[in-house]
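Enquirer: Given next are the chains, with one letter for each unit.
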Amino acid sequence: MNCLFILRQSPYQGSLAREALDMALAFAAFDEHVQLLFLEDGVFQLLKNQDSDGLRIKNMEKSLAATGIYDINDIYVGADCLTMRGLSTDTLTIAAQAVEQEEIQQLIARADKVVSL
Amino acid sequence: MQLHIISHSPYKNTTFTQALATATANDKLLLVDEGVYALTGVYKQQIQAHPTACFAIKEHLVLRGLPLDENAAELINFDTFVRLSLDAQHCLSWY
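Sequence lines, in order, name chains A and B.
Mapping the first sequence onto the working numbering, position 27 (from 1) lands on 27, and the numbers just tick up by one.
Mapping the second sequence onto the working numbering, position 53 (from 1) lands on 53, and the numbers just tick up by one.
If we strip away everything but chain A, and leave its shape as in the complex, we get:
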């Protein structure tokens, strides 16, 4: 089954971003084909050098690094969302493919299940 997760929450504000990512990792652990699509403030989850030591909370960047272990390789990020925030794909902590609105619509149309958080 092809499961598309649309991740729109910024990290560290409540637990929504973390819970969504954990859910995706759990799906992957059960051998579902997981795709991640980062949109809106969700793209901030992909920033490098997140340092949570000072505030003693769990680092989200390290959880993202686990996507490789779980064989999640289809990682997409909204091109417009990146540009608006002055970011580009080469500044991100994991390899993600920038997608335009039309490709986002196709990703949704092709998925068997969509989880949007």
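Simulated from the structure, these hints should not be mistaken for laboratory data.
Keep in mind it's a predicted model, so treat the numbers as computed, not measured.
Think of the CB as a built atom: it goes at the ideal place given N, C-alpha and C, for glycine as much as any other residue.
Misleading hints may appear alongside valid ones.
Claimed, not checked - Looking from chain A toward chain B, a few residues come up when the C-beta cut is under 10 Å (computed):
| id | residue |
| --- | --- |
| 1 | Ser10 |
| 2 | Phe44 |
| 3 | Leu46 |
| 4 | Leu47 |
| 5 | Lys48 |
| 6 | Asp51 |
| 7 | Leu55 |
| 8 | Ile57 |
| 9 | Asn59 |
| 10 | Ser63 |
| 11 | Arg85 |
| 12 | Leu87 |
On the provided structure of chain A, position chain B as indicated by the hints.
Expert: Okay, now just chain B, sitting in the frame of chain A:
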């Protein structure tokens, strides 16, 4: 001097824009928590173009992996946060 405290991402709602529109040249703007995302993209340019002095909690940028760039805001610690609030006539929290 009024201290405008912004704790929301400017991409999520309009509180940042409202605060900036309200702040005078004598006021101070303080970015905390998700408010520090205002130091990216188009909002960073808006802060630079605005006459109000801008401050941001350094630790909140460090947590989120944002560049520690002092071009748009002075990066401060919690002690300075307290001093800024004591100096201000009013502290306005923009929810």
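Enquirer: Name the hints, by number, that the structure is in violation of.
Expert: Violated: hint 10 alone.
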